[in-house]
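J.: Assembly of the complex is requested from the two constituent chains, each provided in isolation within its own frame, with the hints serving as guidance.
Residue numbers (my numbering), protein chains in the order written: chain A, 43 to 157; chain B, 25 to 203.
These aren't lab readings, by the way, just hints derived from the structure by calculation. One should not assume that every hint holds.
As the list claims (entries may be wrong) - Anything over 10 Å on all C-beta distances counts as not near chain A; from chain B, calculated:
#, residue
1, P28
2, N36
3, A44
4, W55
5, Q58
6, L70
7, A76
8, D101
9, E107
10, G123
11, L144
12, Q159
13, R172
14, L181
15, S183
16, G199
As the list claims (entries may be wrong) - The calculated lysine to aspartate or glutamate pairs, modelled on DMTMM-like cross-linking and capped at a C-alpha distance of 25 Å, are:
#, chain 1, residue 1, chain 2, residue 2
17, B, K52, A, D115
18, B, K52, A, D63
19, B, K106, B, E166
20, A, K149, A, E95
21, A, K149, A, D101
22, B, K78, B, D109
The beta-carbon is built from N, C-alpha and C at its ideal position, and this holds for glycine as well.
Residue-level listing of the chains:
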Amino acid sequence: VKRQAVPQNVTVTRAAASAYDVNGRVSLGSASSFSIQAAVQPATGRDLMRLPEAFRVSDVQAVWSPVPLRTFDQPSATPADVLTLANGAIYQVEHVEDWSGNGTYFKVLARRIGT
Amino acid sequence: VITPVDWAAVENAIHAWVAAGSGLAAGKVIWDDQGGPRPSVPFIALHREGPATKGLGVETRISPYTGGGPYPAVDVDAIAQKEFDLSVTAFTGPVTSGGSATALLDPVELNSHSQTQLLLFSQAGICCFDRGPVQNLSQVVETVFEGRALLRVRFRLVSGLNEQLGWIQTVGVVGTFQT
Numbered sequence: 043v044k045r046q047a048v049p050q051n052v053t054v055t056r057a058a059a060s061a062y063d064v065n066g067r068v069s070l071g072s073a074s075s076f077s078i079q080a081a082v083q084p085a086t087g088r089d090l091m092r093l094p095e096a097f098r099v100s101d102v103q104a105v106w107s108p109v110p111l112r113t114f115d116q117p118s119a120t121p122a123d124v125l126t127l128a129n130g131a132i133y134q135v136e137h138v139e140d141w142s143g144n145g146t147y148f149k150v151l152a153r154r155i156g157t
Numbered sequence: 025v026i027t028p029v030d031w032a033a034v035e036n037a038i039h040a041w042v043a044a045g046s047g048l049a050a051g052k053v054i055w056d057d058q059g060g061p062r063p064s065v066p067f068i069a070l071h072r073e074g075p076a077t078k079g080l081g082v083e084t085r086i087s088p089y090t091g092g093g094p095y096p097a098v099d100v101d102a103i104a105q106k107e108f109d110l111s112v113t114a115f116t117g118p119v120t121s122g123g124s125a126t127a128l129l130d131p132v133e134l135n136s137h138s139q140t141q142l143l144l145f146s147q148a149g150i151c152c153f154d155r156g157p158v159q160n161l162s163q164v165v166e167t168v169f170e171g172r173a174l175l176r177v178r179f180r181l182v183s184g185l186n187e188q189l190g191w192i193q194t195v196g197v198v199g200t201f202q203t
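So that you can see chain B by itself, here it is in the shape it has in the complex (with noise of 0.2 Å):
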């Protein structure tokens, strides 16, 4: 049995969290690669990638299985640290200074070190561990500048299985045991 990440709580958590580090109304931080409308500026898009299993990142606990059932076993529970990125790109229109898109990504990556934000994390399963620095990729399009900006955050999360194993519970010998 696994344990499915509760990928939508993770999520809206992450959405909180830019939503109100950057000011913007709720409906101007998006999740991207829906087929959705782009929103006019300045909106933030966000994408994920992962998750991926780190090293071993596998804990084990054996207990007896209580379930019932036709043959003896024992539960096995593995846990798995798993990490996943998070790139937060800003889009505004081709100015400088506080309605910039570096601004506007700045207080999100701040905020993400605060007690209060990192409870809010917590709750959700996910730990903010690594943030990048927020770089400027305006770009040209068509005639005049389109101001973008990006923030890489990575995070981690458990996962857990569950899986009943037999076990020998008995063995025998047939004809001669010799030492």
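Next comes chain A alone, as it looks inside the complex (with noise of 0.2 Å):
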């Protein structure tokens, strides 16, 4: 990752996962934090198709990550990571490339939902 882009400085909001009381409401995961180092770029058009159409109109960077990052997952009831870029802005991890076999390292497509 760090010889193909300036890597940055990005903090990754995790939740645990949530669960249902006896009267059907739900509990949701406390959240911790980490850093990891990872090159963050504009996704390319043929990124975005890989998105609901929804989304293609969003603010999507794609983050090459060093660590597996979360999408929202029903069966574990976890949800999407949240990465907070250097310059403060909120992204929404939305899918997530293996590439650890081959390249040592994950690429993601992260959608915008806050400053």
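T.: Here it is in structure tokens:
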């Protein structure tokens, strides 16, 4: 990752799995944060085609991460990771490609959800 | 002063009714729109619409205000009859007969008529007065069917408010009063 682009400090906020109580109300999992060094570049048109239609007009960044990041996962009840970039912009992980076998990195598409 | 509806108690009573009727574990009957995970099938999602005040729906009781204060006043109590809709949606695998989504909701609907359940509803301050048919809404999800069924139920409840109003205690005349 470091040879391909200038990495920046990215804060990853990850929530634990949610669960339902005996009255059917959800109890959201607590969140924790950690930092990674990742290269962040604008997503290409081909990248955008991998996302649902409604997301293609969003601000989407391609993030090359040295560690696997999480999308929203229904079976394990874990929300998607939220990334805070060096400029303060907040993105949600929408798509992850596992290139750990060939390139020791994970390509992530993240959609902007906040300032 | 508005006496809010105890929605937590209402929802708990409805949840207990659906869980008991369907036979599903409590964690498999969920309220939707919470941003939580989708349970594995079979499960039931509950969705509440409303409430809406029906008709005039307001009865008043006026009594002297006894709480003290700088001016005379009366207490006005108002009670509104309200109605809300509940959608009970069952999700199952692509199966028929006893394991189907419609079969899951049938005993839920039936149980709403029992005297015991009506009493439990009453203790939560609600009355179940209308039950729709169990509709089969099974859908193709990607390449396989997902069993879905819908039961719509309507409830009534009352909610109240109290307001303290001033009143005219004495009337005076300035000048000459002629008849």
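J.: Take the hints in turn and mark each one as holding or not.
T.: Here is how each hint holds up against the structure:
no., hint, in the structure
1, P28, "holds, 18 Å"
2, N36, "violated, 5 Å"
3, A44, "holds, 12 Å"
4, W55, "violated, 5 Å"
5, Q58, "violated, 4 Å"
6, L70, "violated, 6 Å"
7, A76, "holds, 23 Å"
8, D101, "holds, 31 Å"
9, E107, "holds, 22 Å"
10, G123, "holds, 20 Å"
11, L144, "holds, 14 Å"
12, Q159, "holds, 22 Å"
13, R172, "holds, 16 Å"
14, L181, "holds, 18 Å"
15, S183, "holds, 21 Å"
16, G199, "holds, 67 Å"
17, B:K52 / A:D115, "holds, 18 Å"
18, B:K52 / A:D63, "holds, 10 Å"
19, B:K106 / B:E166, "violated, 41 Å"
20, A:K149 / A:E95, "holds, 20 Å"
21, A:K149 / A:D101, "holds, 16 Å"
22, B:K78 / B:D109, "holds, 13 Å"
Of the numbered hints given earlier, the model fails hints 2, 4, 5, 6, 19; all others are met.
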